[in-house]
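There are 6 protein chains.
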Amino acid sequence: MTNIEQYKVNVEPFYQSQGDEIAIYEAAYASRLPVMIKGPTGCGKSRFIEYMAWKLGKPLITVACNEDMTASDLIGRYLLDANGTRWLDGPLTVAARIGAICYLDEVVEARQDTTVVIHPLTDHRRTLPLDKKGEMVSAHENFQLVISYNPGYQSLMKDLKQSTKQRFVGMDFDYPSAQLEASIISKEAGCDMELASKLVKIGITARNLKGHGLEEGISTRLMVYAADLIKQGIAAPSACRTALVRPITDDIDIRATLDHAVDQVFG
Amino acid sequence: MTNIEQYKVNVEPFYQSQGDEIAIYEAAYASRLPVMIKGPTGCGKSRFIEYMAWKLGKPLITVACNEDMTASDLIGRYLLDANGTRWLDGPLTVAARIGAICYLDEVVEARQDTTVVIHPLTDHRRTLPLDKKGEMVSAHENFQLVISYNPGYQSLMKDLKQSTKQRFVGMDFDYPSAQLEASIISKEAGCDMELASKLVKIGITARNLKGHGLEEGISTRLMVYAADLIKQGIAAPSACRTALVRPITDDIDIRATLDHAVDQVFG
Amino acid sequence: MTNIEQYKVNVEPFYQSQGDEIAIYEAAYASRLPVMIKGPTGCGKSRFIEYMAWKLGKPLITVACNEDMTASDLIGRYLLDANGTRWLDGPLTVAARIGAICYLDEVVEARQDTTVVIHPLTDHRRTLPLDKKGEMVSAHENFQLVISYNPGYQSLMKDLKQSTKQRFVGMDFDYPSAQLEASIISKEAGCDMELASKLVKIGITARNLKGHGLEEGISTRLMVYAADLIKQGIAAPSACRTALVRPITDDIDIRATLDHAVDQVFG
Amino acid sequence: MTNIEQYKVNVEPFYQSQGDEIAIYEAAYASRLPVMIKGPTGCGKSRFIEYMAWKLGKPLITVACNEDMTASDLIGRYLLDANGTRWLDGPLTVAARIGAICYLDEVVEARQDTTVVIHPLTDHRRTLPLDKKGEMVSAHENFQLVISYNPGYQSLMKDLKQSTKQRFVGMDFDYPSAQLEASIISKEAGCDMELASKLVKIGITARNLKGHGLEEGISTRLMVYAADLIKQGIAAPSACRTALVRPITDDIDIRATLDHAVDQVFG
Amino acid sequence: MTNIEQYKVNVEPFYQSQGDEIAIYEAAYASRLPVMIKGPTGCGKSRFIEYMAWKLGKPLITVACNEDMTASDLIGRYLLDANGTRWLDGPLTVAARIGAICYLDEVVEARQDTTVVIHPLTDHRRTLPLDKKGEMVSAHENFQLVISYNPGYQSLMKDLKQSTKQRFVGMDFDYPSAQLEASIISKEAGCDMELASKLVKIGITARNLKGHGLEEGISTRLMVYAADLIKQGIAAPSACRTALVRPITDDIDIRATLDHAVDQVFG
Amino acid sequence: MTNIEQYKVNVEPFYQSQGDEIAIYEAAYASRLPVMIKGPTGCGKSRFIEYMAWKLGKPLITVACNEDMTASDLIGRYLLDANGTRWLDGPLTVAARIGAICYLDEVVEARQDTTVVIHPLTDHRRTLPLDKKGEMVSAHENFQLVISYNPGYQSLMKDLKQSTKQRFVGMDFDYPSAQLEASIISKEAGCDMELASKLVKIGITARNLKGHGLEEGISTRLMVYAADLIKQGIAAPSACRTALVRPITDDIDIRATLDHAVDQVFG
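Protein chains in written order, with my numbering: chain A, 1 to 267; chain B, 1001 to 1267; chain C, 2001 to 2267; chain D, 3001 to 3267; chain E, 4001 to 4267; chain F, 5001 to 5267.
A few of these clues could be false.
With a straight-line cut-off of 25 Å between C-alpha atoms, the simulated DMTMM-like cross-links for lysine to aspartate or glutamate are [said to hold, decoys possible]:
id, chain 1, residue 1, chain 2, residue 2
1, D, K3210, F, E5067
2, E, K4038, F, D5251
3, D, K3201, D, D3174
4, E, K4038, A, D251
5, E, K4161, A, D251
6, A, K8, E, E4141
7, D, K3132, F, D5068
8, B, K1133, C, E2026
9, D, K3038, F, D5251
10, C, K2132, F, D5159
11, A, K210, B, E1005
12, F, K5038, D, D3159
13, D, K3038, D, D3253
14, E, K4161, E, E4067
15, B, K1231, A, D123
16, B, K1231, A, D20
17, E, K4210, A, D253
Don't read these hints as lab results, they were simulated from the structure.
Keep in mind that this is a model prediction, so the values were computed, not measured.
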């Protein structure tokens, strides 16, 4: 038996609403509509799903998709055993059986056979055929499928098939407002709002450079890292360079612009 | 023994005829001619086959094809067992044995070895050689093969071989008429015809954009999703953006056009 | 032991000679020369081989080649068993052992290792080395190899190696004459010659479009399909569109031309 | 134990010398120098090696190389057995152990790991390391390696590595003289010299077209096929078209030229 | 049980600080922030991590990443055993369990599935799902992830995904100062400072050529090699050519420039 | 237990020094520095390593690298056995355990995972992690790694990573002087110096054509082959064509130039 408890979100994740996204998600869950979350890296998509799983009291199974992932990685496979082969459910199958929310993070990264297997789970059938096992799994009534999707860096080679896209309702996410983001950082890193607001200022500078030399802006997570380093005694400019500038770019000009922003904020 | 009952369509699927397609399909089935269903994503191809399986009282086995699918995924394979290897029939073999309608959805997505294995099942031989098992399966007299095909987004790299195409009769499908589609939505989502008709109006706007920035129009399924969200208490414009606009495009101009259509219909 | 009977062609296939091809094939078989059959899709190549197998009273093993086929698919492989591994002859090995005609349909589709394994079977050696089994199979005296080849759609990437081509005598096939084809359709579908002749007229229109928008003409099989549908009560124009036009093209202009031909013939 | 007898060439192959190639080969064999035979398809390379194996009284193991061949196909592999794994020598290992001439036909077709494994067998070491078995096989004193190579159709992508080439002495082969070729055909097909000479005349026409629309000329084997068909009662022009023209080209102009040559010779 | 002792760094690695990197690393470790070390080949990145592991008294597990590495190489896999399959933890899993610093050297070389598996270990979850085993490993409180990254030769095809980059704080490394590098060489090779300083002079010449014909400069390691050879009695110019020039370039002009520098320093 | 004796070089290989390469190698070995040998095909690199292994009295394990080689081919793998799986050390692991010189011939041909596994063996760690076995092999004190590298035909696609290159001292090799090469040939083939010198003269002509139509010059080995053939009674010009010209080029002009050189020398 699968241990459901390990998938429960027991502690309320810190999440502050930015609009009507909670109500919309609750409505989608009530009808068990599959949901597609769109937005840039690090804007809080995963956190939101975690929060909703906690709020709805449903187990959550997260899978980080990648281009080497196969359908078997989602569905399951046979393993060799002392008594021959034994079937091992994959995370999607586990989710369908126990009635979890299954969150496929960055699903476009996966190969097509991975995205096609979700089709019968996302229409009126709500089934998952385990062809290799000869079993047809009917999804638990609480099961829901959620995928994330970053429109910012879809490569030309990778996109969801139309017949996949048309199985989801879509929700847009973006970075939180400066005020909200500062309060998130303050809470997560345990720092005061003044420091948090300064870090957000640097982050906004970086996000404005997106498409002008930066592929992506600075995520909230990196700002929390900066606050962590400062709390450990590292000087603020040094902590900001380490956590906010060095990881995201090697371009000398962009680095100079960001370093300058750091100096202005903490000068 | 395979359990035939699990493949039976027990409840009449909601389907309203749009022309002589039911008569033609019945004639094709009477001669057990292989059938190729052509049409855009979400226009009701799968639903039609389900309806015909119910009407003819035959079991239906559906396989969503994908580019990583192999012939073994259709035909079957050996599994290791406590007593050595055991053969497991694939869905096509099961269908041939029990006399099911086998529906290969989006067959062009599959690799060529997948499409070639169906050849001997689609001519006077009506056999399926299981080379790896050394068995020649004669198809059950009720067996019929159906494939679907979306001419709208055939890539240049993927097409059926001529020697495959020339084994099927072809049937064209398209989106239902506005009147019919509204009644489908009304029935599926349990909403009134007025709301359903408004949703269809938005859908028609989107379908007119196909080829002018949209890869595909809005499927009936997404309209049902919108009605679901409205039923759960989400305001109509918000529900439409979530279910009809966000999933299908990230293009700012197209989104504006569609959002405008939403506002006009529900303004 | 392989059951030879399952490979026998017990009922005389309907075949009407179009020239001296029967005499030439008989001469080639008498010397056990390997034969290469060339011609467009659906012109009756497979049917001819079946007929010759019946006439010569020899078993026939047909393999539909594809680009994912490996040499092991032809020769055989080891399978795991309760007592370790067990060798399973592939179709080519079976044919060599029992003295069958082995027909490799569309052999250029296969990978090179598939085409190279036939070399020692096609010269004075007439042997098939099963390297993985350490066995050298001497072909039965009745064994003959036949391959088919469609010059019409050889891709630039795929062709037989010269050292393979030069192991075969070559026979050209083409669509039968209108008169002959009508009598074939009449016999196969059980319809009168008038209907059959009309169908052939449409087919000839399509074949004239080959290279002018159509990749291939209409095969005899599709004409039989059309007659089948008419026999089941479908109106002739509708049956022709379903069986002769829809499967082979999505081009609007070509469809119009063919639909027009249908209307003229049945108008 | 490997049965050496199955690799012996017991009947003298028909071979007529065209120069000093027999003496050179004997000298190379006396020093066990590795030999590379170069020449067009069907000029008699394989036949020559077979003849030399017969003349020297040594077993011969021939391997037709292809692009899907791996080093394991030459060296050997483990097979699963009732008592665990069992090693099975590949053809090259067998040849090295029993002292056979190992003939790798069209070696450039193989993957690089296949060509590299022969290195230690072709220098002063004369060893073959079976890394997977942990065994170092010292070649039998009679062992010799021979490879063939068709300079006519080396693709740009495929060539032997220089470090491989420089391990062989090279011998050029070409089609035999008209007189010699006619006597070969007469002997092989059991026909008179007049017919044989006529067939050679057609062949020479074809060989002159090489590089002017024909990829390769007509091999001696195809001429023997033509004589075989004539012996079975097929009229000479028809037999020539079947055996000499149809297999090697689909080009209408080249076919016309060759058909014209047939008519002139047999007119 | 894994033997932790084998991963301990028992002897203090020779490392001399070049700035505040030790304090920053200690702060990052205190918050268990994932660290990305950037810098050219051979500038001492690996040595620094080894030093920090020694200083912090934590076990260190190093994995040299490469383009053929799979997620299973990091996480673990099932092995066949006398009693069926047995799970074997990979190095990342071992590190997570025992609380080691896991150092993934040149992580961009690895395939995406390798980089994606580290995601849940690098956010608040600090877990590693072993999907194939059905186990969720919670990282030991001492576990930390470190990756290295050479911005100098990122190919266009290979880069970390943004969603991976934004999980790390970044630290820049460069070659040590001349004075410091000489003392390192002197200590490592057991030579006097004069020789060490001369070797560094040559090294600086080479590093100035980077981007002007040299892909990378000369690493400290190669200078130690040169001192080693001189200690073994090889004349200094010859030792320098062998250890500093020959390994890094075949370009005649660059070699002349470097050889000239050697002669000037040791002339 | 591995049988060390089979890797010992018992007979002194014929090798004549061309400079200080023996002293440099001995110094490198004394410090166990990894060595990279550079030079054209057939200039005696392998022979030199064999000679040094004999001189130092150390076992030698040679691996001819190729593009299909994997890390497992070097390190080892699990084999299935009657009692489950059994680990089999690969050649690199054997060398590390018994203290052999491990010579990886043409290492750039191998895949990257093959070259990366040697990293921990080539720095102060001198270890080889067998991740799949969970064992960390400490190299025997006599172990040394040597790789060869042909700068002449590095493809653009294949080169060693800088982080690999910077782990080796480099030694250049070239063809021996005419005088020395003649004495080598004379000794190896057992012919007089006059014949040997004539063969070298032809070789020098060929080496001057390198880059002007010839990819590589003629190796010493081929000259020994020519002398062998002459000793077996083949006329010198014919022997030279067979051993020196035919193997290395099919270009008509280059062949004419070389044949002319042969005639001049033996005219």
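Original post:
When you check the alpha-carbon spacing of D/K3210 and F/E5067, does it fall within 25 Å?
Top reply: violated (35 Å)
**OP:** Take the C-alpha atoms of A/K210 and B/E1005, compute the straight-line distance between them, and say whether it is at most 25 Å.
**Re:** violated (56 Å)
Subject >> Restraint check for B/K1231 with A/D20, where alpha carbons must lie at most 25 Å apart >> reply: holds (16 Å)
Original post:
Under the criterion that the straight-line Cα-Cα distance not exceed 25 Å, is the pair D/K3038, D/D3253 satisfied?
Top reply: Not satisfied, since the Cα-Cα distance of roughly 30 Å exceeds 25 Å.
Original post:
Quick one, are E/K4161 and A/D251 close enough, alpha carbons at most 25 Å?
Top reply: Between E/K4161 and A/D251 the Cα gap is close to 16 Å, so the pair holds against 25 Å.
Original post:
Is the hinted pair F/K5038 and D/D3159 satisfied, with a Cα-Cα distance of at most 25 Å?
Top reply: With a Cα-Cα distance of about 23 Å, the restraint between F/K5038 and D/D3159 holds, given a limit of 25 Å.
Original post:
Given the proposed pairing of E/K4210 with A/D253, does the C-alpha separation stay at or below 25 Å?
Top reply: Cα-Cα ~20 Å, so holds.
**OP:** With a cut-off of 25 Å on the C-alpha distance, tell me whether D/K3132 and F/D5068 pass.
**Re:** With a Cα-Cα distance of about 15 Å, the restraint between D/K3132 and F/D5068 holds, given a limit of 25 Å.
**OP:** Would you mind confirming whether the straight-line C-alpha gap from E/K4038 to F/D5251 stays at or under 25 Å?
**Re:** This hinted pair is violated, its Cα atoms lying about 50 Å apart.
Original post:
Has the given pair, B/K1133 with C/E2026, been kept, meaning a C-alpha gap of at most 25 Å?
Top reply: violated (33 Å)
Subject >> Agreement of E/K4161 and E/E4067 with the hint, judged by alpha carbon distance not exceeding 25 Å >> reply: holds (15 Å)
Original post:
Regarding the pair E/K4038 and A/D251, is the alpha-carbon distance no greater than 25 Å?
Top reply: Distance of about 13 Å is within 25 Å: holds.
The structure is inconsistent with the numbered hints 1, 2, 8, 10, 11 and 13, although it conforms to all the rest.
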